[in-house]
Amino acid sequence: MAFTINVNGTTHSADVDADTPLLWVLRDVLGMSGTKFGCGIALCGACTVHVDGVPARSCVTPIGGIGDKAITTIEAVGKTPQGKALQQAWLDVEVVQCGYCQSGQIMSAAALLTATPRPSDADIDAAMSGNVCRCGTYQRIRAAIHRAAGREGTDHA
Amino acid sequence: MPDQPMVSQLDRRRFLKVGAAFGGGLLINLALPLALPPAWAAAASSPTFAPNAFIRIDRQGGVTLVMPMVEMGQGIYTAMAMLLAEELEVGLDQVRLEHAPPNDALYANSILHIQTTGLSASVRAFWTPLRQAGAVGRTLLIEAAARQWGIDPGTCRAEHGAVLHAASSRRLGYGELAVAAAALPVPARDSVTLKQLKDFTLIGTPAKRLDAPDKVDGRAKFGIDTRLPGMKIAAIAISPVFDGKPISVNEAAALAVKGVHQVVRIDEAVAVVADHMWAARKGLKAAAVQWDDGPNAKVDSAGIIRQLEEASKQPGVVARNEGDAATALAGAAQQIDAVYQLPFLAHAAMEPMNCTVHARKDGCDIWVGTQAPTLTQAMVAETTGLPKEAVKIHNHLLGGGFGRRLDADGTVLAVKIARQVNGPVKIVWSREEDIQHDMYRPYYYDRLSAGLDTNGKPVAWTHRISGSSIFARYVPALFKNGLDPDAVEAAAEPPYAFPNIHVDYVRAEPPGIPTAFWRGVGATHNVFVVESFMDELAHAAKRDPIAYRKALMANPRALGVLTLAAQKSGWGAPLPARRGRGVSVQFAFGSYLSQVAEVEVAADGSIKVHRIVCAVDCGIVVNPDTIAAQIEGGTLFGLTAALYGAITLKNGRVEQGNFNDYRPMRINESPVIETHLVKSAESPGGIGEAPTAAVTPAVTNAIFATTGIRIRTLPIDVSLLKSSA
Chain A
-8 MAFTINVNGT THSADVDADT PLLWVLRDVL GMSGTKFGCG IALCGACTVH
42 VDGVPARSCV TPIGGIGDKA ITTIEAVGKT PQGKALQQAW LDVEVVQCGY
92 CQSGQIMSAA ALLTATPRPS DADIDAAMSG NVCRCGTYQR IRAAIHRAAG
142 REGTDHA
Chain B
266 MPDQPMVSQL DRRRFLKVGA AFGGGLLINL ALPLALPPAW AAAASSPTFA
316 PNAFIRIDRQ GGVTLVMPMV EMGQGIYTAM AMLLAEELEV GLDQVRLEHA
366 PPNDALYANS ILHIQTTGLS ASVRAFWTPL RQAGAVGRTL LIEAAARQWG
416 IDPGTCRAEH GAVLHAASSR RLGYGELAVA AAALPVPARD SVTLKQLKDF
466 TLIGTPAKRL DAPDKVDGRA KFGIDTRLPG MKIAAIAISP VFDGKPISVN
516 EAAALAVKGV HQVVRIDEAV AVVADHMWAA RKGLKAAAVQ WDDGPNAKVD
566 SAGIIRQLEE ASKQPGVVAR NEGDAATALA GAAQQIDAVY QLPFLAHAAM
616 EPMNCTVHAR KDGCDIWVGT QAPTLTQAMV AETTGLPKEA VKIHNHLLGG
666 GFGRRLDADG TVLAVKIARQ VNGPVKIVWS REEDIQHDMY RPYYYDRLSA
716 GLDTNGKPVA WTHRISGSSI FARYVPALFK NGLDPDAVEA AAEPPYAFPN
766 IHVDYVRAEP PGIPTAFWRG VGATHNVFVV ESFMDELAHA AKRDPIAYRK
816 ALMANPRALG VLTLAAQKSG WGAPLPARRG RGVSVQFAFG SYLSQVAEVE
866 VAADGSIKVH RIVCAVDCGI VVNPDTIAAQ IEGGTLFGLT AALYGAITLK
916 NGRVEQGNFN DYRPMRINES PVIETHLVKS AESPGGIGEA PTAAVTPAVT
966 NAIFATTGIR IRTLPIDVSL LKSSA
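Order-wise, the sequence lines are chains A and B.
Here the first sequence stands for residues -8 to 148, numbered as in my numbering.
Here the second sequence stands for residues 266 to 990, numbered as in my numbering.
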């Protein structure tokens, strides 16, 4: 059946089965490729989006359950103060390497800063440990989140 | 093309064209207008200054740099742009980057002799050629300006995309000079003068990565992001046992799934072609493929280990033999023997394997991220029977390479499927397919013996390596007389003086599991073995591990990094209970590295790596921040494998399938990593893989320091460490 969803403030329609994960709707139906496929079973966080501001793994989020909730993806997170600050901090700290996981990292970090504007290292561990980076940029992700939160340096180090 | 990536908006400071939408065409026609954004199209039809295959300057002053090696996170696009821009005298804010098309004649890496990105060889190989290419361009632009002004070129200089004549305050931008410069004869690249080290303005500075802005807002295009008109998407099931075949496929059930168009069956796999990935996957599930497991149905890890153990009892092909190790061993005051084992490893790049193919009768277009574009082109040509020129490779940014994308198996498989599909099709592997049909870092079984004299000094060292030869498959021309240079790398030439040394290699190919290069290649295997065994010798000699190593080392650069790592780590200073320090030192990929790891082992055996200090002498540094980033990332890649990495086989099947059972390190486990650079005027060394090799022995030696338990088999079995309670 056809579903109508709100992505980044725009209404889209997708004629897919109700169990179709949002990830594939975004990537294959709507052609929005910033949200990445990594594992398919919510183990790596590469596909993280916000559903009504809450971080969700889009690879296990069926479109049938979304209804009129607002979806935000990496393409639009820069329009939020947290997203914008994080993207700048990511560049300042030179976080990215291959970059494939970074959409999901930034989406998870933006949700963290929205809920916890001044996160501790423990807060960062809790919010970010679901996001895998095989290039090993974790140290810089931590530094960039602190920087975006207006605090340089980390609790330990 | 609709997927023509953003060709960055002109108002952006950095122009980075990711996606190489026109791949193979560039070489044939350097001024191909398709390459350019619409605003530049007019300029493209006019003469463009292209003094070599790396530089193109148009009449508006737009500078395009063509990247011969691929960007997979290692920062090479920025480093290569720095080498070109340093000598061309343009700012990094003025350049736009393009992926090179496949062409070994123009873009081969001089160390690897092919246009392949690997072996941490890119900066080493292109250090001189790219600076020369930039200098050729600068020389011609200055010459063109001097002619126009009627003055001696020696009185002019170039700066930030313009030629200046200070005495008359005249200035001409590169765009204004492009036509005239293009008409001049191009000097030989080794005839131009290169800048002195002291005159560098870019090289050695922490330049911002040129690929970063597109990677923080979703615009960066990886191979998996390819989108073409009429493109279908396919899910694939490859025989779970290597060399098995599909014997039954429920096509009707698959086709009944909404959105499914076609079921494709090839010798080793089944693919379901659909409108989107979810439909394709549902179709594949409905197809309920049954397999004939074939000859490898009974292969398991235990059998492979037995095979390697037996192989290692036979004498191997000699990699190095000096003195008389056997006699010296027999006469030694003390003999130490050990067996070390390293597991099969998958690469598990974050971007799962994928490839988009449009196969036609007269040609084949491939959209993929590959470390080896010319090899891929050749293999597709062989698979299809097409001439190479008809195979266009549209290369992309790589969502991780780590050696996985040196092999073209995924592309060949995609081509076999796409030949049965009308129109373009994107084949995307599931994570499970990616891990279970990787080509794996070989399992190695190493036997070592050493003899010490009464003072604890080594008088004999023997090391026998058994395992698969990647060279024999990948570069057979370099597999000479049964010796695989990769399998013995960093083992045949350890950085220590041994009066009697014998190192040999026994090739043993396990059945049913293909092997391939993995980040850190031979060094990742052998540095663990050599540096662990050195630690065993130091302990047997009752000496401090660093002092023991230093006494056997002559190379000042090796001594330099070891000394620096010791100093920065506080070697010898007291530690909290249950913590230990371990050290490693190595020469690999043209760079010297030493790491000290600080590790805590809890009563239950669990490990916490707190801190890793890395001292690096990689010669002249192009981008210091990239060195630090590679030390951090390469270290975690190695540490992940040391802690968790193992691919095992049972009934011919890989037992792991996703990030739950092939675990990556996560942010909460990540140690603090410090990088300390030694200032050097030596030629640049490679860095992307060096720390991956260095970290494991530093960590296992630290475990020994605090527990007295020697880890000789990877990954680290924490159940062995419980006894330390």
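Keep in mind the hints are simulated off the structure, nothing from the lab.
Check each hint, because a few of them may be wrong.
Only pairs whose alpha carbons sit at most 25 Å apart, straight line, appear in this in silico PhoX-like list of lysine-lysine [said to hold, decoys possible]:
#, chain 1, residue 1, chain 2, residue 2
1, A, Lys75, B, Lys473
2, A, Lys70, B, Lys473
3, B, Lys626, B, Lys653
4, B, Lys626, B, Lys578
5, B, Lys944, B, Lys833
6, B, Lys915, B, Lys944
task = Taking the numbered hints from earlier one at a time, note which ones the structure violates and give those numbers from smallest to largest.
result = Hint check: 4 and 6 fail, others pass.
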